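Now for the letters of each chain:
Protein chains: 2
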Amino acid sequence: MAKKSNEGNVALGVVGLGGRGRGLLAILLGMDDVSIPAICDVLDDRVQIAADQCEALGHPRPEGYNDYRELLARDDIQGVVIATSWTTHARIAIDAMKAGKYVGSEVGGASSLEECWELVKTSELTGIPCMMLENCCYGRNEMAVLNMVKKGLFGELIHCQCGYEHDLRDEIAMGIENRHYRIHNYKHRNGDVYPTHGLGPIAKCLNINKGNRFLQLSSMASKAKGLHNWIVDNLGKDHPLAQVDFTQGDVVTTMIKCAHGETVMVIHDTTLPRPYSRGGRVQGTRGIWMEDNNSIYIEGQSPQHTWEPFDKYLPKYEHPLWREYIKMGVRGSHGGADYLCLRAFVESVKDNRPTPIDVYDMATWMAVTTLSEQSVAQGGHPMPFPDFTNGMWIERLPELVGKYSLDVIYEQE
Amino acid sequence: MAKKSNEGNVALGVVGLGGRGRGLLAILLGMDDVSIPAICDVLDDRVQIAADQCEALGHPRPEGYNDYRELLARDDIQGVVIATSWTTHARIAIDAMKAGKYVGSEVGGASSLEECWELVKTSELTGIPCMMLENCCYGRNEMAVLNMVKKGLFGELIHCQCGYEHDLRDEIAMGIENRHYRIHNYKHRNGDVYPTHGLGPIAKCLNINKGNRFLQLSSMASKAKGLHNWIVDNLGKDHPLAQVDFTQGDVVTTMIKCAHGETVMVIHDTTLPRPYSRGGRVQGTRGIWMEDNNSIYIEGQSPQHTWEPFDKYLPKYEHPLWREYIKMGVRGSHGGADYLCLRAFVESVKDNRPTPIDVYDMATWMAVTTLSEQSVAQGGHPMPFPDFTNGMWIERLPELVGKYSLDVIYEQE
Chain S
1 MAKKSNEGNV ALGVVGLGGR GRGLLAILLG MDDVSIPAIC DVLDDRVQIA ADQCEALGHP
61 RPEGYNDYRE LLARDDIQGV VIATSWTTHA RIAIDAMKAG KYVGSEVGGA SSLEECWELV
121 KTSELTGIPC MMLENCCYGR NEMAVLNMVK KGLFGELIHC QCGYEHDLRD EIAMGIENRH
181 YRIHNYKHRN GDVYPTHGLG PIAKCLNINK GNRFLQLSSM ASKAKGLHNW IVDNLGKDHP
241 LAQVDFTQGD VVTTMIKCAH GETVMVIHDT TLPRPYSRGG RVQGTRGIWM EDNNSIYIEG
301 QSPQHTWEPF DKYLPKYEHP LWREYIKMGV RGSHGGADYL CLRAFVESVK DNRPTPIDVY
361 DMATWMAVTT LSEQSVAQGG HPMPFPDFTN GMWIERLPEL VGKYSLDVIY EQE
Chain R
1 MAKKSNEGNV ALGVVGLGGR GRGLLAILLG MDDVSIPAIC DVLDDRVQIA ADQCEALGHP
61 RPEGYNDYRE LLARDDIQGV VIATSWTTHA RIAIDAMKAG KYVGSEVGGA SSLEECWELV
121 KTSELTGIPC MMLENCCYGR NEMAVLNMVK KGLFGELIHC QCGYEHDLRD EIAMGIENRH
181 YRIHNYKHRN GDVYPTHGLG PIAKCLNINK GNRFLQLSSM ASKAKGLHNW IVDNLGKDHP
241 LAQVDFTQGD VVTTMIKCAH GETVMVIHDT TLPRPYSRGG RVQGTRGIWM EDNNSIYIEG
301 QSPQHTWEPF DKYLPKYEHP LWREYIKMGV RGSHGGADYL CLRAFVESVK DNRPTPIDVY
361 DMATWMAVTT LSEQSVAQGG HPMPFPDFTN GMWIERLPEL VGKYSLDVIY EQE
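Respectively, the protein sequence lines represent chains S and R. When we follow the working numbering, the leftmost residue of the first sequence carries the number 1, and every step to the right adds one. When we follow the working numbering, the leftmost residue of the second sequence carries the number 1, and every step to the right adds one.
Calculated directly from the structure, the hints in this document are not laboratory data. Just so it is clear, the structure is predicted and the values come from calculations on it, not from any experiment. Only true hints are included.
Any copy, or any two copies together, can satisfy a pair, since identical chains are not distinguished.
Restricting the straight-line Cα-Cα distance to at most 25 Å, the calculated cross-link-like pairs of lysine-lysine (DSS-like) are:
{"#": "1", "residue 1": "327", "residue 2": "403"}
{"#": "2", "residue 1": "151", "residue 2": "316"}
{"#": "3", "residue 1": "237", "residue 2": "187"}
{"#": "4", "residue 1": "223", "residue 2": "151"}
{"#": "5", "residue 1": "225", "residue 2": "151"}
{"#": "6", "residue 1": "223", "residue 2": "150"}
{"#": "7", "residue 1": "225", "residue 2": "150"}
{"#": "8", "residue 1": "121", "residue 2": "98"}
{"#": "9", "residue 1": "312", "residue 2": "151"}
{"#": "10", "residue 1": "150", "residue 2": "316"}
{"#": "11", "residue 1": "223", "residue 2": "187"}
{"#": "12", "residue 1": "187", "residue 2": "225"}
Okay, chain S solo, but in the shape it has when bound:
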């Protein structure tokens, strides 16, 4: 293939080149207006594989680094995409903002409230936007539901549910040989370690940090049996992992209370056999959407006491961005959501404007992990959310930041 020109492109570095990082890299390389002059991973073999991948796709071979600080020192990149381990997202994001680079960080939870505060303070001090790349915010159903909420279909919101219900036992157990960090978290932590796939879209429905906020949460963890049983059944009782006493409860349930009286129930459920679900539910004074039966009930429209298929409402409430996307051709992983999410980031960098998911969103959503661990450790004691906006949420309004905005629906002309 002919090498593509980098002229006039958004130049991004990618930090973290495991499976997820390379997946995001491939999507970015598919964008005409993006170039990737620099990539980084602590493991050199991953750097080489990713660099080869760039060349194979007809792009110039990027410079490879093992130390992200060297990548950040380059003056030819405008932003970084971070796809490292959960526990390193915040520190890399903070250093990136200090280096003047837009941050697009993969999802995960915080290790402390302090690192959430540091994210916020660094972004405020440097003026550099920091976006959590919460792809599920750009899922087709999530965006349609957001559009329904904004159009008032459910009335005043009262209660929501969401979660990450994904049987990851084999992936987790294979973490040692795959050099994946998840298993180490499950060996030592106990809480909702991965809240944002469910909670991000719900937080947008609830105007969190823009006229509303999360006030407090309580979490409860079940016993931890699923992973151990899977290991014994599949790897044998003499396997070294069969001796591990995992701390991470199989099912962690979290209840969140909002400033305006809405409640959110969040589930983390990744070590038991089950089909995938994000357990979505949005419920208001006029109706309810539920993911698990893929249904909607709207007072005065639905037959009394009877669910209707979600798909019946989709044509009317398809999000404008998805209408356009379907015409253009849906692409990339996770049903097309990854591409849209990355485009939201890339176009923010390109236009030098705020990101649709901002540093306050990121700090608040990540904080759920820390607060949930603290609540579990204290037997379900309610933990207060910090107000990462320091009071600005009261007067901050949902704002349009381009067509990828999640706070206001961008309507096509």
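Use these hints to put chain R onto chain S, whose structure you have.
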């Protein structure tokens, strides 16, 4: 019709003759081996309607009372069925046991932990069984799921969910003219005021009070909007009820932790528009059942990551009692569950043996209401469950108490 003879019958009094009491009365009158010599309600018109109902069905006209203590003083009745308001169940049950009558009490929650203790102590002191008539424990699906649990289909149980999700706005608002007590509770209380339809069957799956117990709970209530909005929309903004500031949150979420590390999530959701559900979910190390999509997933049996219809598993796991019941002809209200539940009570009285739902179950399940109100009042603070067995749960074993037993599956010869 010819008057039926009362000879050799189980003689019961019915206390509380609103809609539910008269419904139970009709089912009892349909049983050949039951007679109803006495009925009671504080409202005389209800007593007369119920007495007329008995005669219309060919039975002798029962003696009517306004004071239940006069009914309890009769020496010709062996038990009472209590279908009064939630807040009077315990005191009537306690007096009935003191009068030597078997108690079958309608469902509801406790007003205080003290009345739960008093139920237990009175039953222990008098030796009289006290059964909560939790009809949902005898629902067809609930019994099949119980059978699946006991057969080990789900492996070791880890997490359960349940609830009472029932749009009752019209019934509640009509409570004043219908002289129904629910609206008064919603005007003054805030918690899971009606936990047992969901929680009773789940507690039986989890062997609560027989080798396991509820340790603690935390509850969170949403704002209260649904009932007020319904009243304004349907009765008008000048209706007296439109001025009422209801205290009962629209959705109350409760998390319970068990002694063996299982968690239970319970929802109370009765003042928003939605189709009915008891939100059942039973999840273990081998599989999961979920009511809302009417599906099951069993590792090694179901296609990977794919739900299967519940009905596919029903033929194999139909509860033996329901196999027999279907052959005999399902009868009575609530899909046949009311009849089975009342038969469980009647046959316990007849055989003078323990009831399948006992006073410890009743005290524990009712206590959820009190604890949930207390937790909501304290911002979600976790509340400890009393051990109503005073330590006996450690050595109590699931026991067969006839074919209606809910702790052990009675298999037909």
